[in-house]
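Protein chains: 4
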Amino acid sequence: MNSFGKRLIMTTFGESHGKAIGCVLDGVPAGLDIDETFIQNELDRRRPGKSKFATARKELDEVQILSGVFEGRSTGTPIAMVIFNKDQKSRDYSNIKDIFRPGHADFTYWHKYGIRDYRGGGRSSARETAARVAAGAVAKLLLKEFGIEVEAGVCEVAGIEAKEFDFDYAKTSEIFALDPYVETLQKEAILKAKEAHDSVGGAVLVRATNLPVGLGEPIYYKLDAVLAEALMSINAAKAVDIGLGREASRLYGSQNNDQITKEGFISNNAGGILGGISNGEDVIAKVWFKPTPSIFQKQRSIDVNGNEVEVELKGRHDPFVAARGSVVAEAMMALVIADMLLLNATSQLSHLKKVYL
Amino acid sequence: MNSFGKRLIMTTFGESHGKAIGCVLDGVPAGLDIDETFIQNELDRRRPGKSKFATARKELDEVQILSGVFEGRSTGTPIAMVIFNKDQKSRDYSNIKDIFRPGHADFTYWHKYGIRDYRGGGRSSARETAARVAAGAVAKLLLKEFGIEVEAGVCEVAGIEAKEFDFDYAKTSEIFALDPYVETLQKEAILKAKEAHDSVGGAVLVRATNLPVGLGEPIYYKLDAVLAEALMSINAAKAVDIGLGREASRLYGSQNNDQITKEGFISNNAGGILGGISNGEDVIAKVWFKPTPSIFQKQRSIDVNGNEVEVELKGRHDPFVAARGSVVAEAMMALVIADMLLLNATSQLSHLKKVYL
Amino acid sequence: MNSFGKRLIMTTFGESHGKAIGCVLDGVPAGLDIDETFIQNELDRRRPGKSKFATARKELDEVQILSGVFEGRSTGTPIAMVIFNKDQKSRDYSNIKDIFRPGHADFTYWHKYGIRDYRGGGRSSARETAARVAAGAVAKLLLKEFGIEVEAGVCEVAGIEAKEFDFDYAKTSEIFALDPYVETLQKEAILKAKEAHDSVGGAVLVRATNLPVGLGEPIYYKLDAVLAEALMSINAAKAVDIGLGREASRLYGSQNNDQITKEGFISNNAGGILGGISNGEDVIAKVWFKPTPSIFQKQRSIDVNGNEVEVELKGRHDPFVAARGSVVAEAMMALVIADMLLLNATSQLSHLKKVYL
Amino acid sequence: MNSFGKRLIMTTFGESHGKAIGCVLDGVPAGLDIDETFIQNELDRRRPGKSKFATARKELDEVQILSGVFEGRSTGTPIAMVIFNKDQKSRDYSNIKDIFRPGHADFTYWHKYGIRDYRGGGRSSARETAARVAAGAVAKLLLKEFGIEVEAGVCEVAGIEAKEFDFDYAKTSEIFALDPYVETLQKEAILKAKEAHDSVGGAVLVRATNLPVGLGEPIYYKLDAVLAEALMSINAAKAVDIGLGREASRLYGSQNNDQITKEGFISNNAGGILGGISNGEDVIAKVWFKPTPSIFQKQRSIDVNGNEVEVELKGRHDPFVAARGSVVAEAMMALVIADMLLLNATSQLSHLKKVYL
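Chains as they are written, first to last, in UniProt numbering: chain B, 1 to 357; chain G, 1 to 357; chain Y, 1 to 357; chain F, 1 to 357.
Think of the hints as simulated: they come from the structure by calculation, not from any bench.
Just so you know, not all the hints are guaranteed correct.
Note that the list lumps identical chains together, so a pair holds whenever it fits in one copy or between two copies.
Unchecked claim - The calculated SDA-like cross-link candidates involving lysine to any residue, where the alpha carbons are at most 20 Å apart (straight line), are: (1) Lys-187 <-> Phe-265; (2) Lys-86 <-> Ile-65; (3) Lys-187 <-> Arg-45; (4) Lys-194 <-> Gln-255; (5) Lys-19 <-> Asp-33; (6) Lys-19 <-> Asn-85.
Please model the entire structure based on the sequences and the hints provided.
Encoded structure:
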């Protein structure tokens, strides 16, 4: 259950403080230029330890491609990528060995598996998302061949909403903020929480541009449904909107419907998806992250024996996870769209005839 | 791509105005009492034509079980269920044969497949959800064996929010309203929109109670992620929250974390899921529906040849889809949880030993 | 676990003496002409009750298409087909209700599920293969668009081997014999066994012609491996050969290797598959069927309570199942190749560019 | 398409002369003791370079576990294992860079993908099977907990058949011969072929003992069908028999049926499988390997430009692949049975109740 996708299938493995994390990406068409620098750059964007807004854990996150690439191009065989863990201060975690940190997966992993790798959250750590970013980078390379681009940025921090959405600006922002005008306020909110040994939540806007019409496989592999799954699978995600999302439910049909002219859709309230299929407009989704559960205040909890304890965490944690989450959201959307691109290639007999006849 | 689930796999088929719709449910453990009356009752709850708040289309939605049940019990083989379409006024749709209705899947199906069954939306019609309700009813029967119950109701109509959540009341309400105190206002909003030939949106709260700890398969079959997919796959759904959802992103970590005592979790902001795995609390999700796209006002659109047209729909449509959507949301959550129950049965070696040794 | 295929996915349902059997075929590209007469003809070829060489059970096997076809063409949505059971003499089976027939699945179904639909073997009956033939017929229609043809015939009965392989002749033979010169002997062997209340086994040769190079997905969806699975899943199948099969293992490498010239491969010992991928030559497989387990002699067995019993079957059974098995083998090979055709459409970036750019 | 299994899912990656080969094994229940020495020993059994009967390529095949194991036990998360390639004499292959070796996958990979990693066969090399053996070793550890054992050995070399099947003896034989009395003849046949720069084929018998009744998921995940797929997916495999296999087709039903007494089945012609489900008897399968295609004689072929060439291979190759193939066959059968064990855990409601209630 550690695989994602139907035709472009990512399988990830690895624990926060194990030997390595990594992924196997199966289904990449042969003949794609695999730009390793680009992949590494994507990982560097997600990498912790770069600013005071994120965890101080310093991982170089150097990715190695083990297979599937020959002379710079994909061969059609699975692309395995591995990142060996370096900065694994496992000692930091010895004190929480038998304790369930509130808001964390400790409690559920323990009960589900009867055992847990407690070091840094083990498999449940957001560190796993580095593997997704590596796979997502390959998906982006594939999408680029078709002119499709996926971008993301932070649109809300602690309730402070972006009014403008400048995806280029986000690329340069330490917190991937989409709106330069509220970025300062947003940063202050993060630092204020950090100083109070607390954390804040936020939201990320993800956008794909230049999609062909037709991506998405009704009824149970709809583009919007799979995007929802993909984004909700990111650590700390608690809500997903497609297009106007929740806001659409407060409009009248006559307001919300995207009417059509010769030039295309007049509006894009739908977020580029109708009936689970892309309509050619920008695909827009929003994912909402809870505040980081790792805070440095005393909290009530229990240990594995059911005894009540007071937890006070040590270690290094992001006071705001949505920033790095935006890089992961991009990766997930890229993977979803690339998968849908492959799936849709056989939707019509005429497509197949172009390939074979 | 018309299948859902990994161990309990529902495959649906059928078009709104074709011969029949139906489903095949594979993976139901043998020995389950299959109460056909219960299944039919579930379908009756979703069935249109019962009140002025829903479409006047009258379908008896009589379900026939074709296989997988012998002498009242499941045999472990696939359970096929079929509902023959009766009230198919296909003529109603001849006028939109070549036209793309705004807000509908007409445009995307046409482009994706190069052909569409235009009668009543064909496969993209919400009629398909009757098949889900039939399958969901079987999932509910399975869950009942373990004391797990899934319930849903409407918590918001046209921005009018429920303050109380009375799931028993919802069962008796024509619009499945959770809050009797706002129900009248909510109904008025629907009727007002209907009279204006318009439609409204809303939201549904779904809840599962009495789950064991451990359901959900990280990393890519997380309970919350799959719920998000399941709920977003319902027609007209545009957003999904788990637990506090979006609201959680506006709290501090110290507020949002569910602390733990000997008696259990102090709060349930997480909606019963940590790290993608059920924690034993109620699983809570919310799904937001856009206003019905089928409205009876003039709208701009184009036809299949790219000519601009004015669309004015006829036919019978719900002015508010979330009510019947709540029955579907229940079915989808039941299917997800039942699937997770089966999957989790092999999470520990000790579980397997209970089965085999 | 009642589904087969990855992109062209057949799900079957139904029991021998239940209400109906049928299938849902998902993934058929839109725009394919669906010739219902052809589908019915395929079913008629498999249909029992036509000669003294097969069971006297008379089923009309009238197939109804419930979905996925509009105005004679596939729409891209799942094609559901159903065959209602007519001639269900359930009384024939009351005497074996609690008994395990030797060579049958009675024993294993009972133990696996704790319950069994004993009427005519229930789900384990070869009657299920009618659903495969319906789905296979659609696969054949798809393959025909690419000039690919799948044919089969009986090449051995009770050890009497065909020396010639005339697939056209097989179409006219009551036992689908490939070799007219040994057909009489083969028929005599069947009738002799039948008279002795016994049964015989045999083998079927299946061939696909005119495949493109490239079908088959290494490493775990190889064309030969999936063919082996497909053919071995047919009732009573006990062995599968690809190309020379077992005989190849008794040659030297220098004899067995298919050398290549400008004109193509000099020989086809490989059966058209190298490394799990089609090489453009005819794909050849052989499937070996055990003698029908249903014989009308006294046999030792036990009942569900563990008591020893003497079984003496009544009812109607084929004395030789491979004949009708050859129709099923064709269907299975057609399904496999069609699935591979769809999968291979995304093997190269250049293929995708043909579809999208 | 590089994954195998439904609940115990092995994904392999890597090329013969790339950086590494490896696998990710997902679905291993938590709490299993992972004996790394045992896994390494299994790899050592398959490892080349140990005798004159196998290729001289010397790989240490040192396996590293990267994830999924904590303090010696499985945690329920994916177990990634990697083997870095050491002895990669890529130069050996430069002369066949543009040439299709007869009997190899060069031709088909080239055409399927438009590119190939020609070094040592790339992905199509039998080197990939080392990853299977690693995964299979974990499956064996799981099966051992339930008393199930899987063993294999060579039963035929160049037409020389074993008459006795001594699985313990096979463990000590350089060619994994099952029958000590014909082993010398079999070895001579291999060496004689080797001296003639040729190769021979053979067959392997695989056996699983002590299975519970009930493993196998009809209709399309039958134990025998999936075994056939698993064994046929091994490099150079061309035929698979279950139980008596082909021989059964030459018996009468009255001879072939395994009659039953209180003490169990009187015979085991079926190879332990009825209706696709294990019946508690030994599961028996045979897999037939073609002679190694890599021979050191002149052969006719073409190059990537279609020019006719004479190929004369250099490099190091097994003159007889079935010996090492027997280790792989064991691994594949272990994986299949372990997967079926997990799947069957939910076949009955009563099983689930044992886990949850």
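The hints, checked one at a time:
Taking identical chains as interchangeable, the C-alpha atoms of Lys-187 and Phe-265 are never at most 20 Å apart, the minima being 36 Å within one chain and 32 Å between chains. Taking the closest pair of Cα atoms, Lys-86 and Ile-65 come within 20 Å of each other both inside a single copy (17 Å) and across two copies (16 Å). Taking identical chains as interchangeable, the C-alpha atoms of Lys-187 and Arg-45 lie at most 20 Å apart only when both belong to the same chain, with a minimum of 18 Å there against 50 Å between chains. Proximity of Lys-194 to Gln-255 under the C-alpha cut-off of 20 Å is restricted to the inter-copy arrangement: shortest distance 14 Å between copies versus 42 Å within a copy.
Taking CA atoms no more than 20 Å apart as the test, Lys-19 paired with Asp-33 passes between copies only; the shortest distance there is 19 Å, against 29 Å inside one copy. In this homomeric assembly, Lys-19 and Asn-85 come within 20 Å of each other (Cα to Cα) both inside a single copy, at 6 Å, and across copies, at 19 Å.
Comparing the model with each earlier hint shows a violation of hint 1 alone; every other hint is respected.
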